[in-house]
Every structure is written in structure tokens, then in C-alpha cells.
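With the hints as extra help, turn the sequences into a complete structure.
Residue numbers for the first sequence follow my numbering, so the first one is 903 and each next one is one higher.
Hints may be right or wrong, so weigh each one.
Mimicking BS3-like on lysine-lysine, the simulated pairs with C-alpha atoms at most 25 Å apart in a straight line are [claimed, not checked]:
no.: 1; residue 1: K1162; residue 2: K1234
no.: 2; residue 1: K1007; residue 2: K1021
no.: 3; residue 1: K1407; residue 2: K1350
no.: 4; residue 1: K1007; residue 2: K1095
no.: 5; residue 1: K997; residue 2: K1021
Computed beta-carbon distance windows for the label pairs [claimed, not checked]:
no.: 6; residue 1: P1157; residue 2: F1311; range: 15 to 25 Å
no.: 7; residue 1: P1067; residue 2: P1046; range: 18 to 28 Å
no.: 8; residue 1: W1373; residue 2: P1317; range: 29 to 39 Å
no.: 9; residue 1: E1026; residue 2: L1220; range: 50 to 60 Å
no.: 10; residue 1: D1224; residue 2: E993; range: 36 to 46 Å
no.: 11; residue 1: D1260; residue 2: F1323; range: 29 to 39 Å
no.: 12; residue 1: D1260; residue 2: D1224; range: 36 to 46 Å
no.: 13; residue 1: G1275; residue 2: D1224; range: 34 to 44 Å
no.: 14; residue 1: Q1099; residue 2: D1224; range: 19 to 29 Å
no.: 15; residue 1: P1259; residue 2: A1374; range: 28 to 38 Å
no.: 16; residue 1: P1280; residue 2: P1317; range: 16 to 26 Å
no.: 17; residue 1: E1026; residue 2: E993; range: 25 to 35 Å
no.: 18; residue 1: F1311; residue 2: D1224; range: 45 to 55 Å
Keep in mind the hints are simulated off the structure, nothing from the lab.
Just so you know, even glycine gets a beta-carbon here, dropped at the ideal spot from N, CA and C.
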Amino acid sequence: MRERKVRVRFAPSPTGPLHIGGVRTALYNYLFARQHGGDLIFRIEDTDSTRFVPGAEEYIIESFQWLGIQFDEGVGFGGNYGPYRQSERKEIYKKYVAQLLDAGKAYYAFDTPEELEAKRREIENFQYDATTRHLMRNSLTLPPDEVQRLIAQGAQYVVRFLVEPGHEVLVDDLIRGEVRINSSILDDKVLYKSADQLPTYHLANIVDDHLMEVTHVIRGEEWLPSSPLHVLLYEAFGWQDTMPRFAHLPLLLKPVGNGKLSKRDGDRLGFPVFPLEWHDPKSGETSSGYREKGYLPQAVVNFLALLGWNPGNDQSELLSMDEMVQLFSLEKCSRNGARFDYVKAAWFNHQYLLRQPDEAWVPEFDKLLRQNGIESTPEREAEVVRMMKLKVIEYTDNEGNRKKRNVSFISDLWPLTRFFFVAPDSFDRDDKFVRKNWKDDTAAEMQKLAALLATQDDFTADGLRALVDPWAEANGLRPWNAWRICLVGAGQGPDMYELAAFLGKEETLARMQYAVETLGQVDSNN
RNA sequence: GGCGCUUUCGUCUAGCGGCUAGGACACAUGCCUCUCACGCAUGGAACACGGGUUCGAUUCCCGUAGGCGCUACCA
903 MRERKVRVRF APSPTGPLHI GGVRTALYNY LFARQHGGDL IFRIEDTDST
953 RFVPGAEEYI IESFQWLGIQ FDEGVGFGGN YGPYRQSERK EIYKKYVAQL
1003 LDAGKAYYAF DTPEELEAKR REIENFQYDA TTRHLMRNSL TLPPDEVQRL
1053 IAQGAQYVVR FLVEPGHEVL VDDLIRGEVR INSSILDDKV LYKSADQLPT
1103 YHLANIVDDH LMEVTHVIRG EEWLPSSPLH VLLYEAFGWQ DTMPRFAHLP
1153 LLLKPVGNGK LSKRDGDRLG FPVFPLEWHD PKSGETSSGY REKGYLPQAV
1203 VNFLALLGWN PGNDQSELLS MDEMVQLFSL EKCSRNGARF DYVKAAWFNH
1253 QYLLRQPDEA WVPEFDKLLR QNGIESTPER EAEVVRMMKL KVIEYTDNEG
1303 NRKKRNVSFI SDLWPLTRFF FVAPDSFDRD DKFVRKNWKD DTAAEMQKLA
1353 ALLATQDDFT ADGLRALVDP WAEANGLRPW NAWRICLVGA GQGPDMYELA
1403 AFLGKEETLA RMQYAVETLG QVDSNN
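Laid out in C-alpha cells, this is it:
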């Protein structure tokens, strides 16, 4: 067998939004293709005309654009092996169906859905195979002229694959090793339906992969049980020499409970299972997406890549796409299903967010403020971002790395930054921080501090520091926490001098005045 | 039910006959500190069970149990 250029494909059905598990499958195909200098093909498997959902195809393409997963050819990308939409390949499939029919490796079956249903009721565990096909209405049991007559009359039929029983079928899987099954347990799968003149997945898949010169089929584990059928199909066509290698990926499981990850889990636990927000054209319902939730695409990709694959060392799990392309290997993929850990997904987002420059935060932050009814300027917003990041950016750890705070999404910033724009209007006397830092004489202390600040013209952080630090030292005071209560209303926020400078003299004094009046002296009658 | 895949800390995983069973998320404690964080340090936490094979099994084989998938004129 000659060396062939690596060619892989991702081939979704346009039946709705792209599931996050599908994204991972596509990602692995992408990593594999890049690593081997091969091609990644985008094929649309729309052989079930009844399940087509408008907009799904566009949604899938947009998802991959956002995620940074690029295709080399396929629907919307061009290429020399088209068309890449299976519904546009009807004539091609017909030719190959005829080939199997002529070779006696497939046959016509005229059983109606009702007849099949009746058989299923009649025979327990009915399966259309070598043990039952002689009981059915097909070209194996009907006289040839009757078959011709039925077809000429326009009777509905399907073409079924004739599976020879008693053979051992070997599927050589790159992840699972050699999987052997006996052909006797396989059924005579429907390959083609006359009703819509389209093949089923199995036939279309094999024909397309062959014609498109696909070398590796990397897909979900749900396909493992039907892969012996696919092997048999390659053999029936005489294509075993160029049959692709298979790799069946483990499935993504629910974060809690039993079963595979589903849309409902996302709704229930509050995390998206789709890359982009999706508006269902039929039900009108909206499903949340990673993009709209504030995830960075790199974070989603990094997180997903590690769900079922691991480079096998103790190095950082933060990997760029390029690094993953370098490190990826199918042999390192795990074989058991992976629970979907959305807490860790948030951690990845946190990490990627911290690595972004300040400017990148501002547009999203601005959006967040507007949603909360705050009008501000980009300058003021950048100032807040700078302050909220400043504290952590200033920090350098033992290894010389700069670290930042635990904000996983820009939207996390609202409760942390509200006080920059809205003065506290009430104080919680039962709050631990307030109880600890607002004593009997605190109001008087704050009044003194306010008086001091009133004299200050240079209301910058540095100017305030130069004024207040010596004053506090000289009077043996530690006014910062109480001052924080005045300006923030709680035990959070940036450096007090930074904050006061941001608010300005007037606002700072007003907030102090209000806090002194409201909180006043703590009732000490106890 | 049948067939197949699978089984290491709560979760994702490293391990490919001999290790104090390693890392990450999460959790706990401490340090740092004008608050919240970040950061740093420390800690608790796993080889499903039963048989073999072997001088020696987390690792190889066979069962059992659990998990997952498939079992359509859907993909």
C-alpha cells in the first residue's frame, strides 16, 4: 500500500445546533490533520430529508469560525472532491448501489414499515438477517419478473446489504486495538431508500470516504458497533486496500448522574452544551452558547481537547492550538467516557482571560455596564479594568510569573465593580467585615479623615497616599477598612487611594458623609 | 435481552511487571495583606471485586459487578 496524504473529515448532519461533543470530534480531526500536514474536509450528511433543520449548516460553519478550527475543503470551502453535501450526490450513490446489486451483494426489499412492525411483534428480537430474510418480501424470495414488475410499477422499496453470516469481522481501531465481531449478529442494513432516492448513512459514508480519499475516520464511540458493517462494505466494493483507519473516541458524559451529556444537563446545571447560542426555528426556544456566556474560544478548545486526550506529562494543561497540534496523538486518547466538568471549563476561561491585554476587556465590560444601566466612557472603563487587574498584575510569583484575580468571565466583574459607578445606599451592620471595622469611634475617625481630604487638591492616588499615610501613622490609625466601608459598602475593591482618586474628591466626600450619617455610632448599649 | 467498548483520588488523567501510585480542577489549612482576590506553602483523597500467570501485579489473562454505547427506511 502506497503512502497516502492524510485526509480526514468532520461530517455532521444539519439537524440542529452542533453539540459540544461534535466540536471535540472535529477538533481531534483538525489536530490530527494539521499534525500530519493533511486535509480536513467538511461534509454535510443530509441523507435524512425529514430531519433537516434550516440554519443548522450555517450555524455549524459559524461555530468553527469562532473556535478557530479551519477546514481545507468542503461545503463553503471549495475543493476538488465535491459536491460535499450528500443530498447533492444522489446520482453517485445510485451508481454504487447498482454495483452492489449487480454483484449480488445487496438486494431489493419491498417490506412496508407495517409489515416490518408486524414481524417484530411476531418474532421476539426480530432482526432482518440471514435467519429471517427468506421470510420477507424481497428479491431473494420473489421471482425475478415479480421484482421487475414491482419496480416498474413504482412500488416503494429499499436496498439491503446482504451480510454473509459466520465470518469474523476485524475492525482495527487506533484507540481500541483490534475489535472482532461475528458477522452473524449483523443485520442486513438498509443502504438505500427509493422513497427519497437517497442512501442511508452507512452507504453514503463509505462511498464518500472512498471517493474523497479519506485516510482516517475519527468519530464518536457510538459508531463502533456499526463499524464492522462498514468494513464489510469496503470489502464488498473491493476497496479494502484503501480502507481508512478507524479511531473511535470516548463519549462525553453528564457532569452528574448517568448517561451521556445532553442539552438538558446544560439547562439544569447552568452551562452551555453548544458553542453558539441557538434559536430553534421550530420550537422557538433558545439554547445558550459558550460564546454568549463569555467564554474565549481558545479556552473552550483547550478544555475540550483535554477531555479524552492527554499529552501524558506533568506539564501545564494550558496549551495553545499549535502546541496541541504538536503533542496530539490518537494513541494517547483515552478509551473510557469523560464526565463533563464545567467547573474546570470555567477555570480554563479564567486562565485565558487573565492572559488577555486590558484593552481586550473593555468592549465586553462596557456591554456589561450598559446591561446594568450604567453609562460610562471607555476611558473610565479602562481605568476600572486597570485597577481590578492592577492588583494582580502587580503580583509576581516565585517563578517570575505574573498572576491575576479569579474572574472567569467578564460578567463576573459586575458585582466586583458596581461600586465604582453606584454609591452604596445601605450598609449591612451584620456583615462580618462591617462589624469588625466599624466601631464606636469610627464615625468620628472618618469625619477627621474627610476633613483632611477636603484640604487636598491633588486628588490622585499618589497624592492621597502622601497625605493620608503619614497622617494615619502620626495618629496611630488604620483607617482603610472603615474608609472602604464608606466608599464600597463592603470588604472588597482595589487599593483605597486608587479608588478615591477614581471617584474624585466630591464623590468621595459625599460617600463618606452618607456612611457617617447612616452608620453613625454603633449602638453600644449591650 | 443480544452484541461491543470500558473501569486509577469527588472529576479529568499519568502509569505501559518492581514507583512513598505523579499532575490538573475542586476542597481544607496556613502565609502574604488596608478588603476581596491573586499568589505561595501544606494537607486529605484512588488502582471495582474474585481468580489465575509470575519471584513479584495498578500494569498481562479469565470471570463477576458497575458504567457507556449500539440494537430504525436517524445520523
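Need the status of pair K1007, K1021: alpha-carbon distance at most 25 Å? 24 Å, holds
Holds or violated: K997 to K1021, with C-alpha atoms at most 25 Å apart: 31 Å, violated
16 to 26 Å was suggested as the range; check whether the CB atoms of P1280 and P1317 agree with it. 22 Å, holds
Taking the CB of D1260 and the CB of F1323, does the distance hold inside 29 to 39 Å? Violated, at about 18 Å.
Taking 28 to 38 Å as the stated bounds, is the beta-carbon spacing between P1259 and A1374 within them? 35 Å, holds
Distance restraint hint 19 to 29 Å, applied to the beta-carbon atoms of Q1099 and D1224: Violated - the Cβ-Cβ distance for Q1099 and D1224, about 45 Å, lies outside 19 to 29 Å.
Could you check the hint for me, namely that D1224 and E993 are 36 to 46 Å apart, CB to CB? Given about 42 Å between the Cβ atoms, the range holds.
Given the hint of 45 to 55 Å, is the C-beta distance from F1311 to D1224 inside that range or not? 25 Å, violated
Holds or violated: the 15 to 25 Å window for the beta-carbon distance between P1157 and F1311? Since the Cβ atoms of P1157 and F1311 sit about 18 Å apart, the hinted range of 15 to 25 Å holds.
Would the pair K1162 and K1234 pass a check requiring their Cα atoms to be no farther apart than 25 Å? 22 Å, holds
Assuming the hint says 25 to 35 Å, is it satisfied by the Cβ distance from E1026 to E993 or not? 41 Å, violated
Please verify whether K1007 and K1095 have alpha carbons no more than 25 Å apart. 16 Å, holds
When the structure is compared with the earlier hints, violations turn up for hints 5, 11, 12, 14, 17, 18 and for no others.
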